[in-house]
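S.K.: Order-wise, the sequence lines are chains A and B. At position 166 of the first sequence (counting the first as 1) the number is 165 in numbering that gives the first Met the number 0, and the numbers step up by one without a gap. At position 125 of the second sequence (counting the first as 1) the number is 124 in numbering that gives the first Met the number 0, and the numbers step up by one without a gap.
Read the hints as simulated data drawn from the structure, not as lab findings. There may be inaccurate statements among the hints.
[Said to hold, decoys possible] Computed beta-carbon distance windows for the label pairs:
| no. | chain 1 | residue 1 | chain 2 | residue 2 | range |
| --- | --- | --- | --- | --- | --- |
| 1 | B | Asp202 | A | Lys194 | 30 to 38 Å |
| 2 | A | Arg195 | B | Ala376 | 28 to 36 Å |
| 3 | B | Gly542 | A | Lys194 | 53 to 61 Å |
| 4 | A | Glu90 | B | Leu241 | 42 to 50 Å |
| 5 | A | Thr202 | B | Lys46 | 27 to 35 Å |
[Said to hold, decoys possible] Below, a list of computed lysine-lysine pairs in the DSSO-like style, where the Cα atoms sit at most 30 Å apart:
| no. | chain 1 | residue 1 | chain 2 | residue 2 |
| --- | --- | --- | --- | --- |
| 6 | B | Lys320 | A | Lys230 |
| 7 | A | Lys194 | B | Lys4 |
| 8 | A | Lys65 | B | Lys529 |
| 9 | B | Lys541 | A | Lys218 |
| 10 | B | Lys541 | A | Lys194 |
[Claimed, not checked] Counterexamples of contact, computed for chain B against chain A with all Cβ distances above 12 Å:
| no. | residue |
| --- | --- |
| 11 | Gly39 |
| 12 | Lys46 |
| 13 | Ser87 |
| 14 | Met256 |
| 15 | Arg374 |
| 16 | Glu466 |
| 17 | Ser575 |
By construction, the Cβ of each residue, glycine as well, lies at the ideal position given by its N, Cα and C atoms.
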Amino acid sequence: MKILVGVKRVVDYNVRIQVNPDGSGVATNGVKMSMNPFDEIAVEEALRLKEAGKAEEVIAVTIGPKASQEQLRTALAMGADRAIHVETDEEIQPLTGARILKALTDKESPKIVMLGKQAIDDDNNQTAQMLAALSNWPQATFASKVEVEGDVANVTREVDAGLETLAVDLPAVISADLRLNEPRYVKLPDIMKAKRKPIETVTLADLAVEQAAAVKVLKTSAPAQREAGIKVESVDELVAALKEKGLI
Amino acid sequence: MPEYKAPQRDMMFVLDEIVNVAELAELPGFEDATPDIVQGVIDEAAKIIENTIAPLNESGDEEGCSFDNGVVIPPKGFKEAYQLYAESGWTGLDKSIDFGGQGLPYTLATAVSEMLSGGNDAFSLYPGLTNGAYEALLEHGDEALQQRYLEKLTTGEWTGTMCLTEPQAGSDLSQVRTKAVDNGDGSYAIEGTKIFITAGEHDFTDNIIHLVLARLPDAPAGVKGISLFVVPKFLINSDGSLGERNPAICASIEHKMGINASCTCVMSFENAAGYLVGNLNEGLRYMFTMMNSARLMVGLQGMGVAERATQGAIEYAKERKQGKAINGGTMIVDHPDVRRMIMTMKALTEGCRMVAYDTAKQFDLSKVHPDEAVRVAAGKQVDLMIPICKAFATDVGCEVASLGVQVLGGAGYIRESGMEQHMRDAKIFCIYEGTNGIQSLDLVGRKMKMGLPQNFINTMQEQLDAESENSDLAFITEPMKMALDLLSVTTEWMVEAAQEDPQNPAAAAVEYMTMYSLVVHGHYWIKAAKAALAKQDDDFYKGKLVTAKFFAARVLPRVYGLGGGIMSGAESVMASEIDWL
Chain A
0 MKILVGVKRV VDYNVRIQVN PDGSGVATNG VKMSMNPFDE IAVEEALRLK EAGKAEEVIA
60 VTIGPKASQE QLRTALAMGA DRAIHVETDE EIQPLTGARI LKALTDKESP KIVMLGKQAI
120 DDDNNQTAQM LAALSNWPQA TFASKVEVEG DVANVTREVD AGLETLAVDL PAVISADLRL
180 NEPRYVKLPD IMKAKRKPIE TVTLADLAVE QAAAVKVLKT SAPAQREAGI KVESVDELVA
240 ALKEKGLI
Chain B
0 MPEYKAPQRD MMFVLDEIVN VAELAELPGF EDATPDIVQG VIDEAAKIIE NTIAPLNESG
60 DEEGCSFDNG VVIPPKGFKE AYQLYAESGW TGLDKSIDFG GQGLPYTLAT AVSEMLSGGN
120 DAFSLYPGLT NGAYEALLEH GDEALQQRYL EKLTTGEWTG TMCLTEPQAG SDLSQVRTKA
180 VDNGDGSYAI EGTKIFITAG EHDFTDNIIH LVLARLPDAP AGVKGISLFV VPKFLINSDG
240 SLGERNPAIC ASIEHKMGIN ASCTCVMSFE NAAGYLVGNL NEGLRYMFTM MNSARLMVGL
300 QGMGVAERAT QGAIEYAKER KQGKAINGGT MIVDHPDVRR MIMTMKALTE GCRMVAYDTA
360 KQFDLSKVHP DEAVRVAAGK QVDLMIPICK AFATDVGCEV ASLGVQVLGG AGYIRESGME
420 QHMRDAKIFC IYEGTNGIQS LDLVGRKMKM GLPQNFINTM QEQLDAESEN SDLAFITEPM
480 KMALDLLSVT TEWMVEAAQE DPQNPAAAAV EYMTMYSLVV HGHYWIKAAK AALAKQDDDF
540 YKGKLVTAKF FAARVLPRVY GLGGGIMSGA ESVMASEIDW L
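Only chain A is shown next, with the shape it has when bound in the complex (with noise of 0.2 Å):
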């Protein structure tokens, strides 16, 4: 069977994101580049699954500009298989993606299409749910724990009252959680033999895939700065205070 797993460039976790000074967006000029921290996640059980025993190919997929092929060769140097890189300049909303995604399910055929539970870009957390609505499979998001036994994923999720365990039947979209596992890290000569792993180049005219213009940004800015809070001495004066501000 075959893994498809998403893999988005995103503005480094440790960076301190600036936003641009005519509001048109965050700031990547020169800021360091990274692979969303939990498709890294979603790379690694695609791998251990592979590993495993259980999966046969694993191809990373991004959807990006030139440069997101940084990403690619990260999954590739990680273990994946191949890479699929659908070459876009445009900013790419989770319908859209999700549309991409279905047009490379429909092509490749997994069994499993593993994603990060969301990007920490814009933190949206739709595109796993799109897909799955979209080519009406089963959807396990927020895993913490997989295991596939033939043409079942038992997965085990985070909710709000804590664990539950889905069993999913394949094919499936996956979502991955923060504890779902803690990735390796890349070997020097896994570098080196990424480089000479095959990265497919499309565009969203081959997989015929629209734009989805659902969302349309206005303007861009950074939260206002924290004001200094005040005391109160009781519930009484705190609901005051909060109809005051008219939080309430």
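Based on the hints, put chain B in the right spot on chain A.
M.R.: Here is chain B on its own, set in the frame of chain A:
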């Protein structure tokens, strides 16, 4: 205790815009070292070092190494971190593909070494000394020795040591007394005591490969009678498996000022079996062939510790509220004196990085460039820059580590701040692998006789001439003109005064090395400023430009004090009778 973050932005700036690392991929054998691989290597090395090795820096210092009856126990976590590092292939980065390495450029290994040193100086010595043993065998060992040892040293399955120093033979290795007697079976019996042996004994690996300088009974006296032997901790059977324990025993470990997580051993060779490397009586010459890379590595340790101290100081100064500064700010970073210290730390550390990486590139060129003239020129450039990369960068390590404590004030003097460890760690870098005094004598002696410093003064002059019309750079080219003039005059004085009295250059060697290094840094800061001027819409380059301005205005003028002192001659240094001291 601030976490170490590899200074990746500045490292990539130096690699891309100062060194032009992309050129390396055009050299034979380095075809794989394309910019994407360079980026990938730096990213992944940073990850493993930041997450698994750097976190052991403080605990390793606190715990130190312990010793019990020949057995050395390094601090907790070091063995696992070493094994992960080796299994991940990092020890083989620039080693030959023939022996399982990746054959990547030394320039790239240099960048990774900087991170390793910055993350954990003491840790960096375990794989660090292996490099020396590997190089010695690669350059001078016969095929049998190479087949037996090089692969395991490449993969890090075994580590190496360099056993040179003896109690009476420190800087002067002609005094080596360790004995080697021909056993008549292809091996020699090695007997003697070596001191200050880094990683001489530990439990990270199944075997430890000692490279030992020793003397045959009938060998000529002095430096011409020293041979090099390889002495494994465990003998190796003909099928490659490990055999008997060789009596190369750790007799004790030293209790040191710093780098406490690195075990510094007294090694006792009790008729241990040794195998000759190369020819008899040429051991010291072999040692010198790997001296340059070893010295560059020590320079990286100085730079690494400077980087770590700088990060700690900046982080603290931005968060520590104290007093109201003249500019109205309330953080200590707003106070001009704290800012002066931080800018000094940044300017010196970033300057060292440019010089070290560019020298590493010359190292690569000197080895693999197809044109012999380029190889020779690059080799000369390496020779010239080694004292600057080693002595100046390690002096910078001490200065910056000390400033780091000062920025934190009382908190810096407290162990938990992590800043005082840098001061203790940094000192050894000025001492080992040829003291900074010896490095400086090398510059003003042998290298000045070869005309190397003089030639590079011409190169620096050409840069100034080429930029003389560039008014945007005048802030640094004008002060550099004066500094370079003074350096030329001082260099002439050094040559002439040496003929009058050889004590003149000897007494001024360290000051001259410092002065020369400052002007070389200026040469590189001009390059950095030029690159930065073109990209002033990006904070990184804005920061780079103001640091260049600070260097030109506040660091470079140190040359005036130095020049005056140097040219006053040796008399004031040597006038005292020893009894009056």
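S.K.: Could you run down the list of hints and mark each one as holding or not?
M.R.: For each hint, the structure was consulted:
no.	hint	result
1	Asp202(B) / Lys194(A): 30 to 38 Å	36 Å, holds
2	Arg195(A) / Ala376(B): 28 to 36 Å	35 Å, holds
3	Gly542(B) / Lys194(A): 53 to 61 Å	33 Å, violated
4	Glu90(A) / Leu241(B): 42 to 50 Å	60 Å, violated
5	Thr202(A) / Lys46(B): 27 to 35 Å	32 Å, holds
6	Lys320(B) / Lys230(A)	23 Å, holds
7	Lys194(A) / Lys4(B)	27 Å, holds
8	Lys65(A) / Lys529(B)	28 Å, holds
9	Lys541(B) / Lys218(A)	26 Å, holds
10	Lys541(B) / Lys194(A)	34 Å, violated
11	Gly39	5 Å, violated
12	Lys46	6 Å, violated
13	Ser87	5 Å, violated
14	Met256	33 Å, holds
15	Arg374	26 Å, holds
16	Glu466	25 Å, holds
17	Ser575	55 Å, holds
The structure shown violates the earlier hints numbered 3, 4, 10, 11, 12, 13.
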